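**Student:** Each chain, written out:
Number of protein chains: 6
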Amino acid sequence: MSYLIEYEDASDEVREIYDDICAVRQTDYINNFWKAIANHPPTLHRTWQTVKEVMGSPGELDPLIRELIYIAVSVTNGCQYCIASHTAAAQAKGMSDEMFGELMAIVATANTTNRLANGYQIPIDEQFKI
Amino acid sequence: MSYLIEYEDASDEVREIYDDICAVRQTDYINNFWKAIANHPPTLHRTWQTVKEVMGSPGELDPLIRELIYIAVSVTNGCQYCIASHTAAAQAKGMSDEMFGELMAIVATANTTNRLANGYQIPIDEQFKI
Amino acid sequence: MSYLIEYEDASDEVREIYDDICAVRQTDYINNFWKAIANHPPTLHRTWQTVKEVMGSPGELDPLIRELIYIAVSVTNGCQYCIASHTAAAQAKGMSDEMFGELMAIVATANTTNRLANGYQIPIDEQFKI
Amino acid sequence: MSYLIEYEDASDEVREIYDDICAVRQTDYINNFWKAIANHPPTLHRTWQTVKEVMGSPGELDPLIRELIYIAVSVTNGCQYCIASHTAAAQAKGMSDEMFGELMAIVATANTTNRLANGYQIPIDEQFKI
Amino acid sequence: MSYLIEYEDASDEVREIYDDICAVRQTDYINNFWKAIANHPPTLHRTWQTVKEVMGSPGELDPLIRELIYIAVSVTNGCQYCIASHTAAAQAKGMSDEMFGELMAIVATANTTNRLANGYQIPIDEQFKI
Amino acid sequence: MSYLIEYEDASDEVREIYDDICAVRQTDYINNFWKAIANHPPTLHRTWQTVKEVMGSPGELDPLIRELIYIAVSVTNGCQYCIASHTAAAQAKGMSDEMFGELMAIVATANTTNRLANGYQIPIDEQFKI
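These protein sequences, in sequence, are chains A, B, C, D, E and F. Note that the first sequence covers residues 136 to 265 in my numbering. Note that the second sequence covers residues 136 to 265 in my numbering. Note that the third sequence covers residues 136 to 265 in my numbering. Note that the fourth sequence covers residues 136 to 265 in my numbering. Note that the fifth sequence covers residues 136 to 265 in my numbering. Note that the sixth sequence covers residues 136 to 265 in my numbering.
It is worth saying that the hints were derived from the structure and are not from the lab. Do not rely on the hints blindly, as some may be mistaken.
Just so you know, same-sequence chains aren't split out, so a pair can sit in one copy or run between any two.
Said to hold, decoys possible - Calculated lysine-lysine pairs in the PhoX-like style (CA-CA distance at most 25 Å, straight line):
no.: 1; residue 1: Lys264; residue 2: Lys228
no.: 2; residue 1: Lys228; residue 2: Lys187
no.: 3; residue 1: Lys264; residue 2: Lys187
Predicted model, so just to flag it, every value in this text is computed and none were measured.
Using the sequences provided together with the hints, build the complete structure.
**Tutor:** Written out as structure tokens, the structure reads:
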């Protein structure tokens, strides 16, 4: 099910997306994630479009901050592949060891207070309501 | 279990922490989270020390970015109290609607790719390994 | 979908289980959980048998400890109904405020270290392997 | 990112914590968790203080019960490292195979009923409200 | 943050998507989900395109089965809004009470065995490897 | 803890269940899941009874659809063992690559909208309430 589709074995439709990934990321390496979801071309197409827009389009959050948020989600979900790939991506965009350490401290703390809020069944303060 | 301990009913030990919360946050409002966990003073003490340090000490991530990461975790875990309180906190620190929109888009996307990585049982690329 | 099936509206099959719940728990109150899943009698039957055995049969863990573990799972999952009902059950079995406080502290800490272990991609020590 | 900091390569600040871990646990083995988070000394310091207090300070829950709760959380979150290390810790503190079996049965059951409660959208009984 | 954008207050860009939702779903009711994410038009646009394709395009899984899978995920994550809205959607597409009961039973069982597999640290059988 | 109990080392009680698994599944292969939970015979007995009924008894959902739902839960929880074993089971029951692709697309999308619903704190529409 996770057969990885290499460029030379890919359909034209898939190759076009691989080419776009390489162009946008200025690399000639397609990582396993894309090669795996290429088994279902509509998923490959949709996912790449989404990732390209969400992580790369102009906006108020700079690219490194976006990667930190991505890691925070992946660590909370315990997704090993995404933790490994986005930690590498964040380092390539300038994440220092100190930044990673601060990020992990925040993720750890939020996971703690999330459970304290659940366990103590805390009612939302009026002023926090929308 | 979630009886909220008001300042006037609090022990000296708890009042001291409430005072510190107000001083650090420059407010006179203690939100329900602290009033609930005050039922177990060691948890109140430890949690406040941790939150104060992790969210407020000098570092490479600025305070607003820290709040965005906090929200990302809370949304992924589905903790309603923490989503409400930290969204309010982030707005107070300058989060714009556009920033919140970008944040949600990243959180949503990471939750998608986390599951695709799980489902396709994707092996970690050699170059992402540590 | 969560129409609650009252005793007077229940089939004989469902009533028999309601009777057993009341007998085992020495109460005449059927809580909403059972009334809801009674919409699918095989699920009611299976779930009650399982809960009765797992929470009530003789074993090495005493009944209060079993409730604490149940709460730990429910808080980690953020299931509001189960947190409320099992906190009440644990109190009925003798959980003190101090025990609840200690329980929450452990749950909070484990949720923190779980994420640090994920984020730092920590390899399992040889001696912990089975 | 998970480079493991050995004692001989550690700063004085980190060594002091390693020494305390060994003293408290009466061992001369520092497991990978601590060596990994030592990359961010404030996280190492805070996490060790928290774990030491929460798992080791006097209280109403005995040390083995605390480990069982820790395992319940780690299994629910699917954290492989924490499952392995805390199962080993619980065994060292006297967890029998029977106790582990009962623990798993409770964790499995709670995860089942948590989802039934979610899916049937069950309203909280008045008497369980706080 | 969850200010709901009504049709009359919406930009042309948002109205166009609202119109498409109504056309595709043959309704004149826009539910709160779309009105909320309309605060960030790129997210509204991307999410609607994705949902329209994934839930509505021709394929091997029929529309009701797709809703059942959607509910299974939402119940596992404990997302109250999504459970409520997709349960309603599934009923509109023909889900019977019996089908819902079977669905919940499977979701409950899978959540149980997922944790048993985690807790017992079960190695993947050779023949299940890909 | 995950010592796998082989048929020749099993008690009569466990062997009887192994025999039933083989008879029901028309195979002579007992997979590791059963061999591991056999360490706690009541859990083996209860889990097998539940799985046999939930996945195999007559009902409105056909066996392949039940496997797809099982995978959806396992992927959302990130349970590697269950993803591997139930993907194999689904393939054995006729799941095509296209069906798997559609399944993953739905799971990915639901995980995205679950988080958007959480983050935007969306109130449940009156008409979705039960």
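**Student:** Could you tell me which of the hints above the structure violates, numbers in ascending order?
**Tutor:** Going through the list in order, the structure violates no hint and respects every one.
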